[in-house]
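2 protein chains.
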Amino acid sequence: MTRPDRYRSTGDGEHMKAEVLAVGTELLMGQIANTNAQYISSRLPDVGIGVYFHDVVGDNPERLKQSFLLAMSRSDVIILTGGLGPTQDDITKEIVSEVLGRRLLLDRESLDRIEEFFRRRNRMMTQNNIKQAYFPEGCTIIRNDNGTAPGCIIEENGKTIVILPGPPSEMKPMFEETVMPYLAAKSEYRLESVYLRVFGIGESSVEDALLDLIDGQTNPTIATYAKDGEVTLRITARHPKNGSGTDLIRPVADEIKRRFGDAVYSDDDRSLEEVVAGLLMEKKKTISLAESCTGGLLAARLTDIPGISSVFDRAAVTYSNRAKMEELGVRKETLERYGAVSEQTAKEMALGIRKVSGTDLGVSVTGIAGPGGGTADKPVGLVYTALAHKDGVIVKRLDLWGDRAKIRNMTCLHVFDMIRRCLISMEG
Amino acid sequence: MTRPDRYRSTGDGEHMKAEVLAVGTELLMGQIANTNAQYISSRLPDVGIGVYFHDVVGDNPERLKQSFLLAMSRSDVIILTGGLGPTQDDITKEIVSEVLGRRLLLDRESLDRIEEFFRRRNRMMTQNNIKQAYFPEGCTIIRNDNGTAPGCIIEENGKTIVILPGPPSEMKPMFEETVMPYLAAKSEYRLESVYLRVFGIGESSVEDALLDLIDGQTNPTIATYAKDGEVTLRITARHPKNGSGTDLIRPVADEIKRRFGDAVYSDDDRSLEEVVAGLLMEKKKTISLAESCTGGLLAARLTDIPGISSVFDRAAVTYSNRAKMEELGVRKETLERYGAVSEQTAKEMALGIRKVSGTDLGVSVTGIAGPGGGTADKPVGLVYTALAHKDGVIVKRLDLWGDRAKIRNMTCLHVFDMIRRCLISMEG
Chain R
626 MTRPDRYRST GDGEHMKAEV LAVGTELLMG QIANTNAQYI SSRLPDVGIG
676 VYFHDVVGDN PERLKQSFLL AMSRSDVIIL TGGLGPTQDD ITKEIVSEVL
726 GRRLLLDRES LDRIEEFFRR RNRMMTQNNI KQAYFPEGCT IIRNDNGTAP
776 GCIIEENGKT IVILPGPPSE MKPMFEETVM PYLAAKSEYR LESVYLRVFG
826 IGESSVEDAL LDLIDGQTNP TIATYAKDGE VTLRITARHP KNGSGTDLIR
876 PVADEIKRRF GDAVYSDDDR SLEEVVAGLL MEKKKTISLA ESCTGGLLAA
926 RLTDIPGISS VFDRAAVTYS NRAKMEELGV RKETLERYGA VSEQTAKEMA
976 LGIRKVSGTD LGVSVTGIAG PGGGTADKPV GLVYTALAHK DGVIVKRLDL
1026 WGDRAKIRNM TCLHVFDMIR RCLISMEG
Chain Y
626 MTRPDRYRST GDGEHMKAEV LAVGTELLMG QIANTNAQYI SSRLPDVGIG
676 VYFHDVVGDN PERLKQSFLL AMSRSDVIIL TGGLGPTQDD ITKEIVSEVL
726 GRRLLLDRES LDRIEEFFRR RNRMMTQNNI KQAYFPEGCT IIRNDNGTAP
776 GCIIEENGKT IVILPGPPSE MKPMFEETVM PYLAAKSEYR LESVYLRVFG
826 IGESSVEDAL LDLIDGQTNP TIATYAKDGE VTLRITARHP KNGSGTDLIR
876 PVADEIKRRF GDAVYSDDDR SLEEVVAGLL MEKKKTISLA ESCTGGLLAA
926 RLTDIPGISS VFDRAAVTYS NRAKMEELGV RKETLERYGA VSEQTAKEMA
976 LGIRKVSGTD LGVSVTGIAG PGGGTADKPV GLVYTALAHK DGVIVKRLDL
1026 WGDRAKIRNM TCLHVFDMIR RCLISMEG
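The listed protein sequences correspond, in order, to chains R and Y. For the first sequence, my numbering begins at 626 and goes up steadily by one. For the second sequence, my numbering begins at 626 and goes up steadily by one.
Calculated directly from the structure, the hints in this document are not laboratory data. Even for Gly, the Cβ is constructed at its ideal location relative to N, Cα and C. There may be inaccurate statements among the hints.
No more than 25 Å apart at the CA atoms, straight line, and that leaves these computed lysine-lysine pairs for DSS-like [as the list claims (entries may be wrong)]:
1. Lys957/R x Lys1031/R
2. Lys980/R x Lys980/Y
3. Lys690/R x Lys642/Y
4. Lys1015/R x Lys909/R
5. Lys642/R x Lys690/Y
6. Lys957/R x Lys909/R
7. Lys797/Y x Lys852/R
8. Lys852/R x Lys756/Y
9. Lys852/Y x Lys797/R
10. Lys797/R x Lys1031/Y
11. Lys1031/R x Lys1031/Y
Computed far set for chain Y versus chain R, every beta-carbon distance over 10 Å [said to hold, decoys possible]:
12. Leu736
13. Gly841
14. Asp892
Quick list of the computed label-pair ranges, beta carbon to beta carbon [as the list claims (entries may be wrong)]:
15. Ala809/Y x Pro1004/R: 24 to 34 Å
16. Lys811/Y x Lys957/R: 57 to 67 Å
17. Ser869/R x Gly954/Y: 52 to 62 Å
Using the sequences provided together with the hints, build the complete structure.
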């Protein structure tokens, strides 16, 4: 649920409206997701600009022209991505120039840089790359240090048009280094957001518990977003360029934290595994993992975090029963009597990995991720997880649903939350 | 590079045009990418429908109305995603009904199913969920087995309007089970695509080597798309509903495979790990992994594939030197003399995991994923990987670049490709 547009009702005139228009048939064929629009949208609020529309069109002159005209009619800032390549299908600058009635002129410096780009890589520049050095008359050129397609910024009747290349590795640095400062100078307002992340409470319950806050607010606004068992609450304040939104946001954030207690696991948009890694490092507790149905996913997520090697010792991904016995010392009798997916096996796995690794915490998972392997007694989605520490072992049963990927992901979230809650209660 | 619109130039009238309109402020805030549009776009060509536009609007009645009217004016099939939740901000059905002049009517069966959904999960249904059982008069309701928001299909003046919930885990099954068959029955044409996936050759080299084919073709068309060391070639043929595109595609696919040899790792859009898993199962070879810098990512990716338990035995994620010695039998002298990131350590890790697990293949990775831990001698991005089999051990040095996530991902691709090449040469 989102209550998004409230703060805008005070007067759209004060608030610059942006639109992101992506050009590229590969987007319409579903080969890639429009992550550029996501990235740009996540950044513009920092300079007080709200994004009102995303559009995607293919490499087709007439449709691009229509979409661009529409964007010009309804938005203050139009950011186009893609269609700056060297081929005939790359038409973004050409169409924008045509619509605005500007000539395309050769920029000598850009051409030099493109030639240099090829020279440095010992590659031949083809004739068609010259096209990439032509720009609409009167624009500001945005250098591209990571590719051959420079971008540009055009001012036209109070509207700002930004043209950027499609590859994210080229687009992002150009956006950060040139476009963000350029737009920051134009905008009178800033949006400041705080993200509270909640695990273990459903979105509708979160909303129910906050209805009075949500209904009562215009600045800051509160929005919820749910994904796979997690709910993210966004609190956004609008404030003048030289002010701060903190005083507006803090009381609301504090009240929400009061209501949900330690179900709020982060207030700085960190993920559950980042919070767990942070707690491990802060409390100087080492950890080892014994994974069955998650097959290394817990370890992969934890080791995605830089610096984790100071607290993470090892993980044993034990798919076979033999591996569970050999690596973790799970008893044959336990496996035979209770099965690999059982409270007892989870417990022995956690105790086992803690013992062999000598870490403070030993964490285990065993379950049925599906699609095969389920029975009436032990259906797909049944998962046991255990956490062994110096004073004993905690075991939890999870009853999850969904496809293999969802069950594995939900398992990771539950396990990380269990570790987090255990670490909170431990002394450093 | 894409040569996208060619086959459409034969006459747009023959070809149904679709537009994907996503509703949700979380998309405009950049909290998520519009992966629904990507998914839907990748599927529609299979039923002969081309996607011409994506749009995203927030949960704002006026802007949604304008975007929907625009979509109705230019597209034959309009697929809306999102805005079907229980809250006041969820307005998709309401706005569509208003624009089309249809009443919203309660569907008793949907309400029963929503109530049942809550009962099964031992959760209370809140009053606002009732809203999710109201639908525009005269529509076909699409059941949602994974959530509380059913979708619907509306026929209006020769246009088809499809409304689906936003969460991908709900949207996808509904799209596959109901929407695809429904649209397939309406469309006269089919687009058939074959995807050739190539590892180890850069995109510009791929394109260079195929320029004659790409320039010469209108049906099928050839497009390339590059991502992190992989290049995907899409060959797309358009053909009448009752015909086939295979005869058009096959000679082109064969010629491309001839030119790139075994760098083409799949011709059915399977990922590198799916190909590896397939080869392991087909040749009945078991595998175990010893991971350091990938931290479980290799195992996580491999175990994401259903049925892998028949060939995958275990993985040891050995971050510490002690774990490398204890779990894999890496010698202390090796670690001291050559370091953890070395050809020698990689070799001993692979031999060690193969020995303890008794699998046909033992695969290891050790490297520096960064951002910390690099030195002049051993920079971030230096990775060694080894593969032990019954006749010996292969070791490879990789010199990668990019951030931690990219280095870990590129490492996985290189390792899977090494395993693939080894398996191809082995007898079953």
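How the hints compare with the structure:
1. Lys957/R x Lys1031/R: 30 Å, violated
2. Lys980/R x Lys980/Y: Holds, because 22 Å separates the two Cα atoms, which is no more than 25 Å.
3. Lys690/R x Lys642/Y: Holds. Lys690/R to Lys642/Y sits at ~18 Å (cutoff 25 Å).
4. Lys1015/R x Lys909/R: 14 Å, holds
5. Lys642/R x Lys690/Y: 18 Å, holds
6. Lys957/R x Lys909/R: 34 Å, violated
7. Lys797/Y x Lys852/R: 15 Å, holds
8. Lys852/R x Lys756/Y: 21 Å, holds
9. Lys852/Y x Lys797/R: 16 Å, holds
10. Lys797/R x Lys1031/Y: 16 Å, holds
11. Lys1031/R x Lys1031/Y: 23 Å, holds
12. Leu736: Label holds. Min Cβ-Cβ 16 Å, cutoff 10 Å.
13. Gly841: Non-interface label on Gly841/Y holds, nearest chain R Cβ at 15 Å vs cutoff 10 Å.
14. Asp892: The assertion about Asp892/Y holds, with a minimum of 16 Å to chain R.
15. Ala809/Y x Pro1004/R: 24 to 34 Å: 33 Å, holds
16. Lys811/Y x Lys957/R: 57 to 67 Å: 59 Å, holds
17. Ser869/R x Gly954/Y: 52 to 62 Å: 58 Å, holds
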